[in-house]
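Here our numbering is used: the first residue of the sequence shown is 19, the next is one more, and so on.
Honestly, I wouldn't trust all of these hints.
[Said to hold, decoys possible] Simulated crosslink set (SDA-like; lysine to any residue; CA at most 20 Å straight-line):
#: 1; residue 1: Lys282; residue 2: Asp232
#: 2; residue 1: Lys103; residue 2: Arg134
#: 3; residue 1: Lys161; residue 2: Arg137
#: 4; residue 1: Lys499; residue 2: Ser473
#: 5; residue 1: Lys203; residue 2: Lys161
#: 6; residue 1: Lys103; residue 2: Asn398
#: 7; residue 1: Lys103; residue 2: Val130
#: 8; residue 1: Lys82; residue 2: Arg134
#: 9; residue 1: Lys82; residue 2: Leu162
#: 10; residue 1: Lys388; residue 2: Ala334
#: 11; residue 1: Lys366; residue 2: Ala334
#: 12; residue 1: Lys367; residue 2: Asn330
#: 13; residue 1: Lys82; residue 2: Lys203
#: 14; residue 1: Lys320; residue 2: Ser267
#: 15; residue 1: Lys320; residue 2: Ile356
#: 16; residue 1: Lys82; residue 2: Thr148
#: 17; residue 1: Lys282; residue 2: Asn330
#: 18; residue 1: Lys499; residue 2: Arg465
[Said to hold, decoys possible] Label pairs and their computed distance ranges (CB to CB):
#: 19; residue 1: Glu500; residue 2: Glu357; range: 46 to 56 Å
#: 20; residue 1: Arg169; residue 2: Thr284; range: 49 to 59 Å
#: 21; residue 1: Asp176; residue 2: Glu265; range: 34 to 44 Å
#: 22; residue 1: Leu111; residue 2: Gln332; range: 39 to 49 Å
#: 23; residue 1: Gln209; residue 2: Arg169; range: 25 to 35 Å
Simulated from the structure, these hints should not be mistaken for laboratory data.
Just so we're clear, the structure is a prediction, and the values are computed from it rather than from any experiment.
Note that beta-carbon positions come from the ideal geometry of N, C-alpha and C, so glycine has one too.
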Amino acid sequence: MDVTGGGLSWRGHGPACPVAFPGAIAGGADAEHRKGFSDRGPSDNVFFPDFRFLEEPSDMVAIKDSPAMLNCSAAGDPEPTIEWKREGSLLQLDGDPRRSILSNGSLFLRSVHHTRTERPDEGVYQCLATIPNVGTILSRSAKLQVAALPRFEEQPRDMRLFPGQTAYFPCSAFAVPSASVVWLKDQQPLQLDPSRMLVLPSGALEIDGVQTTDEGAYQCTAYNADKNRISSAGNLFVSLSYGEGSEISAPIFVAAPRNIVVVKGTNMTLDCAANGNPRPNLTWLKDGVTIDMSLLDSRFRKVGVGSLQIENIQEADEGTYMCRAENHEDSVDASATIEIQVPPRFRKKPKNKFAYEKEDVEFECEVYGKPEPSVQWFRNGEAIIQSEYFQIVNGNSLRILGLVDSDRGMYQCFGSNPAGNVQTSAQLVVLDPGELHRGKNVPSAPREVMARLVSTRFATLSWTVPEKVDGSILAYSVYYKEEGSSRSVVVLEP
19 MDVTGGGLSW RGHGPACPVA FPGAIAGGAD AEHRKGFSDR GPSDNVFFPD
69 FRFLEEPSDM VAIKDSPAML NCSAAGDPEP TIEWKREGSL LQLDGDPRRS
119 ILSNGSLFLR SVHHTRTERP DEGVYQCLAT IPNVGTILSR SAKLQVAALP
169 RFEEQPRDMR LFPGQTAYFP CSAFAVPSAS VVWLKDQQPL QLDPSRMLVL
219 PSGALEIDGV QTTDEGAYQC TAYNADKNRI SSAGNLFVSL SYGEGSEISA
269 PIFVAAPRNI VVVKGTNMTL DCAANGNPRP NLTWLKDGVT IDMSLLDSRF
319 RKVGVGSLQI ENIQEADEGT YMCRAENHED SVDASATIEI QVPPRFRKKP
369 KNKFAYEKED VEFECEVYGK PEPSVQWFRN GEAIIQSEYF QIVNGNSLRI
419 LGLVDSDRGM YQCFGSNPAG NVQTSAQLVV LDPGELHRGK NVPSAPREVM
469 ARLVSTRFAT LSWTVPEKVD GSILAYSVYY KEEGSSRSVV VLEP
């Protein structure tokens, strides 16, 4: 590049951007522009306030016609103002007799309204905290559900067994929150014999070594904060005529494991029970390898006849599990997969930045979770739509090209998957470019910038050296600006 009479060819990729002259493309000489992305630490005159949430709302289950509260509080100077959104829309609470924001920022519902046709309080909520001249931050989302117990997913069914075999009566309900289960026999509370009877975490009733005295009609009652429901009856018949029950028989499952999705750190049980003659032995395999309970940590244990319980489940526990029922007559298998979900967590968070107008900045963000979290960026509480100037790069980082003053504010990275959602924030301060050169000996702007040749794909520019040259000219930078836009974008830096 000839600094005594500069010339430059710029070739764009894709459609050419309209260029206005004069002033649409400008050259500037400044060593600071060499970096391209502003990552400098704060200067003496740039202050980043401690602006953050102290408490964010969490998922909750409310009771119809009862009070409910979603918590939210934020720190900042001056004290932030708090507002709330439901399903993405700002709540207008002036004059609302049922809903109000408390002095600490929490949302209080005096009475949760819920009918078959009207559900104005259920939904996804977020709180917003705002400090004037700093920006707005948005909390993670929280779901408010109203307690319900609409129907059974699985109910007891009739069983015909021989003495000594295993009875298994399933019981599960669609319920919010999850339902607890108690059992009835012949419409009376069942007195559990702890040596033979067990209510599994799934709600199922398992009776080992059935006796004729166990005959009867079995029902489960599912209940939660909303209501209770009684299942249909499953009848147990224990029959033994001469010669019955003595024939050799291959194992038959009366309970088999089912595919399950669980969140890391929770507990889960895979149900399994089988009958046969001789009595089958039940073992478990993971990904085709027999599980030796004695070699595993205390998180794994067998419960009841043969169900497998895993506590504080970890990512390494994901896989295909097989319950094998085996006797001298045959061996049968029943398989299920365990999928582990991991709530999102940040591996890299964006940092507060200051930069000058026309510069480019990049906010890093890296989120881990299973399944892979979706990432979305927000500025002052509003979703950022990708464009020529706001780009997602290097995975999930946000790059802003050609800063303008209105880009200042709070930027947030959100990560979400079915196991949860998280957010983190950083502030961007945009400074007047005049601050960059104040008190420095720097060249003035290049002169006589003009387009020598303009085509649909490139422009050839020329200019002459600045009138004022204090110090050494290190390089020239070239910017372009679309007609009607206030944003300049750098297209060439040395």
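Do the beta carbons of Gln209 and Arg169 sit within 25 to 35 Å of each other? holds (28 Å)
For the pair supplied as a hint, Lys103 and Val130, is the alpha-carbon distance within the 20 Å limit? Given pair Lys103, Val130 holds - Cα atoms ~17 Å apart, limit 20 Å.
20 Å limit on alpha-carbon distance, applied to hinted pair Lys367 and Asn330: violated (28 Å)
Verify the proposed pairing of Lys282 with Asp232, using a straight-line Cα cut of 20 Å. violated (39 Å)
Does Asn398 sit within 20 Å of Lys103, going by the straight-line distance between their CA atoms? Roughly 14 Å between the alpha carbons, so the hint for Lys103 and Asn398 holds.
Within a Cα-Cα threshold of 20 Å, do Lys388 and Ala334 meet the stated pairing? holds (12 Å)
Holds or violated: are the alpha carbons of Lys203 and Lys161 at most 20 Å from each other? Cα-Cα ~38 Å, so violated.
Between Lys161 and Arg137, is the straight-line Cα distance small enough, at 20 Å or below? holds (13 Å)
Cβ separation of Leu111 and Gln332, checked against the hinted range 39 to 49 Å: For Gln332 against Leu111, whose Cβ atoms are near 43 Å apart, the range 39 to 49 Å holds.
Does the structure keep Lys82 and Thr148 at a Cα separation of 20 Å or less? Violated, at roughly 32 Å.
Just to be sure I understand the hint, the distance between the Cβ atoms of Glu500 and Glu357 should be within 46 to 56 Å; is that true here? holds (48 Å)
Going straight from one Cα to the other, do Lys82 and Lys203 come out at no more than 20 Å? Since the Cα atoms of Lys82 and Lys203 sit roughly 32 Å apart, the hinted pair is violated (cutoff 20 Å).
Of the numbered hints stated above, those contradicted by the structure are hints 1, 2, 5, 11, 12, 13, 14, 16, 20, 21, listed in ascending order.
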